[in-house]
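K.L.:
Residues per chain are reported as follows:
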Amino acid sequence: DAGVTQSPTHLIKTRGQQVTLRCSPKSGHDTVSWYQQALGQGPQFIFQYYEEEERQRGNFPDRFSGHQFPNYSSELNVNALLLGDSALYLCASSFQADEQFFGPGTRLTVL
Amino acid sequence: AQSVTQPDIHITVSEGASLELRCNYSYGATPYLFWYVQSPGQGLQLLLKYFSGDTLVQGIKGFEAEFKRSQSSFNLRKPSVHWSDAAEYFCAVGRPSSGNTPLVFGKGTRLSVIA
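Respectively, the protein sequence lines represent chains H and A. With the numbering used here applied, the first sequence closes on residue 163, and no number is skipped along the way. With the numbering used here applied, the second sequence closes on residue 155, and no number is skipped along the way.
No wet-lab data here; the hints were simulated from the structure. Be aware that a few hints might be false.
Unchecked claim - In the DSBU-like style, the derived pairs of lysine-lysine whose C-alpha atoms are separated by at most 35 Å in a straight line are:
| no. | chain 1 | residue 1 | chain 2 | residue 2 |
| --- | --- | --- | --- | --- |
| 1 | H | K78 | A | K101 |
| 2 | A | K101 | A | K147 |
| 3 | A | K147 | H | K65 |
Please take these sequences and the hints and turn them into a complete structure.
P.N.:
Right, here's the structure in full:
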């Protein structure tokens, strides 16, 4: 059973560009949450998707948006990239409100 | 608002020695409490969790944690550390009213293990 998978593993972008990160949840899971982990910090909650809708959102600007597909996979989009968006982006999946399982993350570097 | 404090940024212990990582939380009621471990370049792995009941919780890899309501603490312990335990450890809290999302994490404690 594959766990949570994320792609790509690493990504380099320049300021002002847009980026899309992808997440496939663990089999049987229907809820996906995204977290941003800056260097030397703990993960911070961005938003959560359930039934293809954003259910909860953390303190992140509208430049951060997402989507959930009928197969429960999810995308995180970030527009107008800033240097401060450089971070490890973690996806976590769960079956509704049960335990979250984290993926390995996507390392985004903004130059 | 919830918050988590991990007072120790970096801890070094000798292999075979005991370990205690501190975690204090701020929350209006009893939260859900978690400890995660993150190896370099990896995602987060759940070590243990506390929802209710027995305040001493057993986890994987020989770790345990004790919930102390009076001290708003959830410290992680291991009686004998192995070199493979070197990693970053994160304490997190979740709101029972919304399941375990969103999780609020501390800034982490980096554990180094020396021979």
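K.L.:
Each of the hints needs a verdict: does it hold here or not?
P.N.:
These are the hints, each one checked on the structure:
1. Among the hinted pairs, H/K78 with A/K101 is consistent with the structure: their alpha-carbon atoms are about 22 Å apart, no more than 35 Å.
2. A distance of roughly 22 Å separates the Cα atoms of A/K101 and A/K147; the hinted pair therefore holds under the 35 Å criterion.
3. A threshold of 35 Å between alpha carbons decides the hint, and for A/K147 with H/K65 the separation of about 26 Å falls inside it, so the pair holds.
The structure agrees with every numbered hint stated previously.
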